[in-house]
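*Asks:* Sequence:
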Amino acid sequence: MAQKKGLTARWKAVNAQLDVLSEQKNILLKEKNRIEKLLEGSAATPKQLDDVEGNIKVLDKQSASVSLQKENLAAENDALNVQIAQVNEQIQKSLIRYPVTGTVLEKYAEKSELVIPGKPLFRMASLDTMLLRVYVDGSQLPAIQLNQKAEVLVDSENGRLKKLPGRVCWIASQAEFTPKTIQTRKERINLVYAVKISVPNDGSLKIGMPGEAVFFTKEK
2 MAQKKGLTAR WKAVNAQLDV LSEQKNILLK EKNRIEKLLE GSAATPKQLD
52 DVEGNIKVLD KQSASVSLQK ENLAAENDAL NVQIAQVNEQ IQKSLIRYPV
102 TGTVLEKYAE KSELVIPGKP LFRMASLDTM LLRVYVDGSQ LPAIQLNQKA
152 EVLVDSENGR LKKLPGRVCW IASQAEFTPK TIQTRKERIN LVYAVKISVP
202 NDGSLKIGMP GEAVFFTKEK
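Each number in this note's numbering comes from the position in the sequence shown (counting from 1) with 1 added on.
Read the hints as simulated data drawn from the structure, not as lab findings. Fair warning: there could be bad hints in the mix.
Derived pair list, reagent style DSS-like, types lysine-lysine, alpha-carbon separation capped at 30 Å [what the hints assert, rightly or not]: (1) K6 - K38; (2) K6 - K94; (3) K71 - K13; (4) K48 - K13; (5) K120 - K108; (6) K13 - K58; (7) K94 - K5; (8) K13 - K120; (9) K207 - K197.
FRET-style restraints, in silico, Cβ to Cβ [stated by the list, open to error]: (10) G103 - D20: 42 to 50 Å; (11) I85 - K163: 37 to 45 Å; (12) L8 - L30: 27 to 35 Å; (13) A75 - G103: 45 to 53 Å; (14) P180 - N89: 47 to 55 Å; (15) K31 - E77: 35 to 43 Å.
We put the CB at the ideal spot given by N, CA and C, even for glycine.
Construct the complete structure from the given sequences, taking the supplied hints into account.
*Replies:* Shown next as structure tokens:
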């Protein structure tokens with residue numbers, strides 16, 4: 002931008018110089034007309050006319066030289082605009098955009114830090130809707146269907162349970178062994194099915210928060 006400012010200042014100076022030369026030429030042209038009239042009455046000499054015409058030619062050469070400077074400045078300005086456009090394009094390509102709104106969960110790089118291509122910058126997720134993964138046994142599975150309503154229970158203040166509405170959005174097609182971190186009421190059951198429940202987040206749900214689910218067999 003410093004180059005742009007300097008170029009603008011030079012452009013103004015050249016225009017001002019052209020204005021001065023133009024004004025000087027107008028004065029000389031008036032003087033030439035005056036001398037030509039005086040020559041008709043022998044009140045002036047041919048030398049006076051030659052001097053004025055010579056001064057006009059000098060001004061014309063000066064104006065041509067300054068006009069050339071102006072053309073060079075215009076070309077320099079065009080080249081500078083191309084450079085600016087290229088820099089702006091690089092800046093736009095360097096901006097990090099996420100296709101959806103979300104919350105940054107973890108940052109892997111700080112502002113102005115140099116990173117190599119392919120390095121992750123942050124971990125981001127949309128927390129508007131959360132997924133609760135629960136596990137059911139084979140005897141419970143037939144009663145669960147996609148889009149079925151469920152009630153999700155999570156810990157709240159004073160040891161109370163907070164109830165949130167949810168819907169079944171995914172049901173595992175294969176059974177798996179009960180995860181070690183999951184406690185089931187029937188410890189003799191080794192194989193369970195994973196079920197995901199979509200829960201609108203009112204701001205109280207956090208990633209990794211434990212919860213329970215109650216499935217409604219009929220729409221409420």
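*Asks:* Is the Cα-Cα distance between K13 and K120 30 Å or less?
*Replies:* This hinted pair is violated, its Cα atoms lying about 48 Å apart.
*Asks:* Against the range 42 to 50 Å, how does the distance between the Cβ atoms of G103 and D20 compare: consistent or not?
*Replies:* Hint violated: Cβ distance 59 Å, outside 42 to 50 Å.
*Asks:* Hey, K120 versus K108, does the alpha-carbon distance stay inside 30 Å?
*Replies:* holds (12 Å)
*Asks:* Can you tell me whether the CB distance of L8 to L30 sits inside 27 to 35 Å?
*Replies:* holds (33 Å)
*Asks:* Hey, K13 versus K58, does the alpha-carbon distance stay inside 30 Å?
*Replies:* holds (24 Å)
*Asks:* Please work out if K71 and K13 have their alpha carbons no farther apart than 30 Å.
*Replies:* holds (10 Å)
*Asks:* Please test the hint of 45 to 53 Å on the beta carbon pair from A75 and G103.
*Replies:* holds (48 Å)
*Asks:* For K48 and K13, compute the direct alpha-carbon distance and say whether it is at most 30 Å.
*Replies:* Given pair K48, K13 is violated - Cα atoms ~37 Å apart, limit 30 Å.
*Asks:* Could you grab the alpha-carbon distance between K6 and K38 and see if it respects the 30 Å cut-off?
*Replies:* violated (49 Å)
*Asks:* Does K6 pair with K94 here, judged by a C-alpha cut-off of 30 Å?
*Replies:* holds (26 Å)
*Asks:* Are the Cα atoms of K207 and K197 separated by 30 Å or less?
*Replies:* Cα-Cα ~16 Å, so holds.
*Asks:* What's the verdict on K94 and K5, does the C-alpha distance respect the 30 Å limit or exceed it?
*Replies:* It holds: about 23 Å lies between the C-alpha atoms, which stays within 30 Å.
In terms of the numbered hints stated before, the structure departs from hints 1, 4, 8, 10 and 11, listed from lowest to highest.
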